[in-house]
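Let the sequences and hints guide you as you build the complete structure.
Line order of the protein sequences matches chains A and B.
Under the working numbering, the first residue of the first sequence carries the number 1, and numbering increases by one thereafter.
Under the working numbering, the first residue of the second sequence carries the number 1, and numbering increases by one thereafter.
Take these hints with a grain of salt, some might be off.
Note that identical chains are pooled: a pair holds if it fits in a single copy or bridges any two copies.
[Unchecked claim] Quick list of in silico lysine-lysine cross-link-like pairs, BS3-like style, CA-CA up to 30 Å:
1. K94 to K300
2. K281 to K94
3. K164 to K236
These aren't lab readings, by the way, just hints derived from the structure by calculation.
Here are the chains, one letter per residue:
There are 2 protein chains.
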Amino acid sequence: MLAIHNIGELVVVPPGPIGGRSMRDLTRIALAAMLLDGERIAWFGPEPQLDAPTGGESIDACGGCVIPGLIDCHTHTVFAGTREAEFVQRIEGKSYAQIAEAGGGIRVTVDAVRSATCDRLVELALPRLQRMLHNGVTTVEIKSGYGLTVEDELKMLEAVRRLKELQPVELVATYLAAHTTPREFEGRPDDYLDMVLNESLLARIRDEKLAEFCDVFCERTAFDIEQSRRVLTTAKRFGLTPRLHADQITQMSATLLAGEVGAISADHLETIDDAGIAALKAAGCVAVLLPGCSFFLSVKQAPARRLLEADLPVAVATDFNPGSAMVESLPLVMHIACTQMRLTPAEALVAATANAAAAVNRHDRLGAIKVGMQADLAILDVPNHDQWMYEPGRNCVRTVLKRGRVVASND
Amino acid sequence: MLAIHNIGELVVVPPGPIGGRSMRDLTRIALAAMLLDGERIAWFGPEPQLDAPTGGESIDACGGCVIPGLIDCHTHTVFAGTREAEFVQRIEGKSYAQIAEAGGGIRVTVDAVRSATCDRLVELALPRLQRMLHNGVTTVEIKSGYGLTVEDELKMLEAVRRLKELQPVELVATYLAAHTTPREFEGRPDDYLDMVLNESLLARIRDEKLAEFCDVFCERTAFDIEQSRRVLTTAKRFGLTPRLHADQITQMSATLLAGEVGAISADHLETIDDAGIAALKAAGCVAVLLPGCSFFLSVKQAPARRLLEADLPVAVATDFNPGSAMVESLPLVMHIACTQMRLTPAEALVAATANAAAAVNRHDRLGAIKVGMQADLAILDVPNHDQWMYEPGRNCVRTVLKRGRVVASND
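If you want it as structure tokens, here you go:
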């Protein structure tokens, strides 16, 4: 048994998915304690009620707040190369087309990933995951989608598999070959999909457990509804759970498709309308918002409050990627959700824990403070979680536990 | 002599003030080296031209970018208490008046500061300054203004004086008794000003070198133009250089006053209009923008690009304070300036170095890479400064030098 005592505020996040209207109703126990039995939460409550076995290990939370470990449920953390030139061009007012003409855009990253070995991709991702962990993040979803050949997509998924063994952050792999059509298939997206939806390839991804989810960028400039349907239904037959990039730039009823294919999440939603919200509600999937992306690109945020009022389970993730969101800090993105989308700190916390766990199908085990749940925890350097969200730009995480063991400390 | 070699990019920021139209024209030397002679820059140039004395000390920049140490020219870093409850209320849609009625607002901080000893104020500010230093900040301006009695304002300035001796960040003190009228003088702002502009008090501040600048919050809810004029001209007679909070919420021609009293800077400027820009240009003072404040409050940003086009020397600072900008990271605020105000990374860098130095009257010594200037430097973990601005939420600073000595390292 490991005891955590002297907790200033224990935020009792219940298991997800949690509908938007209930997301701010969190029980907070002041002066709390916890007992961990191996990987699991065995007990929690007010400290005076703690009946700790003598001689056990213990951690002094020093009056800090304790929350579930954060879950970043939408990222592109495996990549090579950086695109700061494009960042500057965008500030200077260059359009997407001008940037692409000047050699920018996603294809820069595709070229860099294709040129990199799997070892190099692993080497580049390791310090990113290490920094995420030090920000309190204990689970990260990572998508392929910068290889865009059979070999390079498999290389990205293989990099994620190796990363699982090299560091403590739990990784969730998503197959996103349908990210964009590569230049060698320009004008022939269906031929490209023939290649990346090849049955023996999908069987291999399933059999080698290289991915749990399949994603598609459903967008005017990427794949249309019909193509997206094909991607998700084909992959589903091979055991990959559907999820999709929906309504980011163009509103094209992708949320209807989400319901139709049984997607676990619909992500982005910057341009979602009332019909889309109704479709999402009917679909029963998690609405994953990416406020760091809109912030980074200086474009409109998704209508978060309308989604919450519709009682949808809302999650928040970084979308960490080198083109549209070079933001690896989930706490910073949660702060952006607070000030730019008007989520309360409680809503932002549920969005990055319980509901993010639901978006990666781990809500039976992760993202909540409940007896029997996995002891993935962050101990903060501030006495309450409101104060954490109120201080962007400062890492308020002191200690991080994964499966009941201390895996990072910022002392 | 201390050599810094293997610099991926040396950003040659010239001494300030630099007019807006020239702020993005920075010389960058690839594969550079520097020589420091004690506290000063003795030489810099392409590494192959380095003629380092044998046996001297050296620092390997590991291909990282080198920039002048950052200067945060507008902060309220000395304070007690936090106001996260108010942060949450604001997100929930409460108005300023409702928050004040619920016991929030600046008076919460005033009460906390009045209750704190000078020792306690020092103890609270030390870790903040330490974290700022680790973000590459080597000089910080700090205002009084939460005491609002003679004794408590002196206590705040005394705290700044003690902090100068306890840590390496260079501090610049500003007397801001005219921050707001305290409740015991409600309805009698002129009586309050009689007290804090008392001649023997101002003489003491001058003689004991407790402050270099005098600031006033010129705003409908604080002090009007006539009162602000009185504050700044009176203080100026005692050697305190004027600066002012202008055009934050209400456009009331404070920039005209800036010119009239010879202010070194006019700060905030969220509501500045064309006449104000012309007045500021005529006044010859630095325009200090505080994008972290508008971001934190979710309100409109100052029209930065119009100020730059008018060729005004623009600075950027955090406004770090517990009410309207709990943001201590100047690099994060510079990123916000890039994405939310459309400053290029080069403009943001000049704004937080050369022009910030001009705003605190240290441009003869600080904020630039030039032979003879003080060796306040930050060595980054990224090869160019564009990449630094492109990665918010990650501390890219590796090593910080103040007066030619290493004072912080993030290895």
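Verification of the hints:
| no. | hint | result |
| --- | --- | --- |
| 1 | K94 to K300 | both (18 Å within a copy, 23 Å between copies) |
| 2 | K281 to K94 | between (37 Å within a copy, 29 Å between copies) |
| 3 | K164 to K236 | within (24 Å within a copy, 63 Å between copies) |
Going down the numbered hints, you'll see the structure goes against none, and every one checks out.
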